[in-house]
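On the provided structure of chain A, position chain B as indicated by the hints.
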Amino acid sequence: MKPSLFDRVLMAGAIALALLWMLPLLWVLALSLKSNAVLMERTDAIFSTPFTLRNYADILANSAVFRWVLNSCVVAGVQTLLVLLLSSLAGYGFARCDFRGKRVVFALVLAGLAVPEPAVVIPLHRFFAELGLHNSYAGLILPRLAAPFGVFLMTQFFKAVPRELEEAALMDNASRWTIFWRVVLPLTLPAQATLGIFSFLAAWNDYLWPLISATRPEMYTLTLGLASTQTNFAQSEGLGFLMAQAVFAALPVLVLYAFFQRHIVAAVAGGKP
Amino acid sequence: MSSATFNRSAMAAPAWVGWAFVAPFLLCYLGLLAAPVLEGFWLSFNAVDLLTGRGQFVGLANFIDLVKDEIFLRSAANTVLFAAICTPALVGLGLALALVLNRPGKLGAWLRGTFFASNVLSVTVVTLIWRLVLLPDRGLLSQALPGFAPLTDESLALPFIALVTVWWGIGLPMTLILAALQQVPKDLYEAAALDNTSRWRSFRFITLPALRRTLILVAIVQLLGQLQVFGQAQLLTNGGPNNSTRTMVMFIYEALFDQWALGYSAAAAQLLFVLLVLGVSVQRWAEKREEAA
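Just so you know, the sequences run in chain order A and B.
In terms of our numbering, the first sequence opens at residue 1 and continues consecutively.
In terms of our numbering, the second sequence opens at residue 1001 and continues consecutively.
Any given hint could turn out to be false.
Pulled a few chain A residues facing chain B out of the computed Cβ check, cut under 7 Å [what the hints assert, rightly or not]:
#1 P123
#2 N135
#3 N205
#4 A246
#5 F248
Below 20 Å or equal to it, Euclidean Cα-Cα: the simulated EDC-like pairs (lysine to aspartate or glutamate) are [what the hints assert, rightly or not]:
#6 B:K1106 with A:D7
#7 B:K1186 with A:D7
#8 B:K1068 with B:D1187
#9 A:K159 with A:D98
Over the 12 Å line for every Cβ pair with chain B, so calculated as not near, a few chain A residues [claimed, not checked]:
#10 W21
#11 A30
#12 Y56
#13 L60
#14 G77
#15 Y137
#16 R216
#17 E218
Keep in mind the hints are simulated off the structure, nothing from the lab.
Glycine included, C-beta positions come from ideal geometry on N, C-alpha and C.
Okay, chain B solo, but in the shape it has when bound:
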């Protein structure tokens, strides 16, 4: 039997068989993801009374209030700044480590393991460890630099949370880039070595082009993740000092659970959604422009 006739007989299987396979997931997806997304969108145009649970359509009022809300603007700026620090740091350091540690042997494996290990810890363990490191007077850092308390300093708190995030998350980009490095055909380097090509040139013209797709993917994944930063900031500084580390997800959470402003919180979530789409679009645009250049 040829595979063409087989395919036809397979297609003859009733359609309900296919639906039956996808139905269990599809029900979860519609009920727990698709419907909430739509409801969140609708809520953002409503003022919701929490006692009765009834909403009143207010049009764009929530969004107008948000744009005038200084704390919201501050949290949006913090979020963008945080992602702007973390994304290049994670991609750059991940690339550097992958290049150096792309070697056989025990030492390489041990070093790769060390850098990946912190990745498996939960955000609360990570912040607990770093709180103890950054403890004023008795923390690890204060042993070297007495009186240095970055988390209570308005201009240093956010960069330090970014540092903690890089410590926590470097394993994933490093590993993804390492995997891509191992896919680069070895004979390209051998040919380059025969031509006496310098290491910089073989990096610039062989390695980097081969890693392009992976680097873009890693950058997008990191950007999307870092724009949703929440746990580190909440647990290390709780948004302080003076709102300098309040992030958008924190704002959404607090609007919901501290102020019970359901519609307002939902509107902020829509703006975060827009920011994510914008972030990825800017990245894709930059990538296209670079391609054209």
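Looking at chain A on its own, in the form it has when it is part of the complex:
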């Protein structure tokens, strides 16, 4: 079927909007390649020479950034693994085991979906201060382990796994643990990928809790570290440096996104890639 004029106009509009959407990113990328001296004078000469990688060299010379990237990797990585483990165990328990009070407990867990983060950070801050957990990896990782979303998601997935597979294993006298670990868990890999991507992005981009818990610069995550440099935002100096920093922080996630785009979009849409 030939696209109508109406379709063409809509598509042209979408393309124009997409270009507009990319414009801020391109602007920052272009200016990050200019020296501060040039940017002091004017910022409209973005396509003319000279270009420089000096701003990126400056970032790499600033060792704090590497520490922040490392912290973000540790926090997001460990948190994601633990969320997957806890959610899978609990999801299997809720979907496949029978015990008194299961319905009540499950309803209680689901109620947690409605709790806004700001409502718990004040008591958590006090609690973690008493335990001396602030400015530690444990302090940054622990709070999100209580998030009920993963349990909800995994329960739904375990319910969808055919029971026949477990029946066969049960007849072979396999223990519940063996069935979970060897038979059922491998079947939920797509769900693990979905939850894993969500958890990792949420942890990597988390702002409010790290801001509260990590007060020492060496325990900042990348997200928080970048915020700290913004608060000392000096307009006249280091414009190129700030630009390069924005690119430096955006690039890894954007590259990851480009690689896993199909999986991420599928994860969001709740389907298969």
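Same frame as chain A, now just chain B:
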């Protein structure tokens, strides 16, 4: 063995097995979520002395002070206004993009990728980029409109933070709606095409009803998220100019860390909780009313 007898034998497995599976998560949940929620509720009725850490029960005093606090009222109004701008914008633009970009081929995929890409950036990267775009004199926007500095303008700052938020967050609603669009049975459209139904009518009577549940879900998720706006406002304007962009979460944060008013901050958090429940209830009520009409 029939599945009925199997189920019985499975149930015969001791109850502790089930508890053992859910226990690790349940401990985290009780300790790190349920207990803090209850403690926050209790704190909101106390005046807490930070030096000794001891609280004194003051009843509703915190709440009464909040209702009289002009900055709090302003931040609550800002928060509602912000969500009222962002939620329809994200749902509406998300729907429009999903409808246009629901097509096979490379171009569609590239455009979908572009609109989703900003979604994976953290709030600090997003605000850093936009600060550089909105920089007075040397920002991208000032190239086109010299002297235009929306973030220092009392009436424009909040709408611009909303704009940044839409730029940041459009990918999620668009993708959710796209996924729902692909679930609409194709033969419905084919039948409509045979009947020479206009595009508007097939959108109004086939697409929209099929997307209803998804649109409601997207709207609720966005409303809940946008009422908790914090990072963008804090990093772009820090609540200014003249409190015009101070939000409720910012107020809670500042009451805690700038004024060390623990009970006061906890009380504000309870009111935010109430606002979220209210927001979702209003939406559900509107939806029921529309259903009845």
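(request) Please flag the earlier hints that this structure goes against, numbers listed from lowest up. (result) Per hint list: 2, 5, 8, 10, 11 violated.
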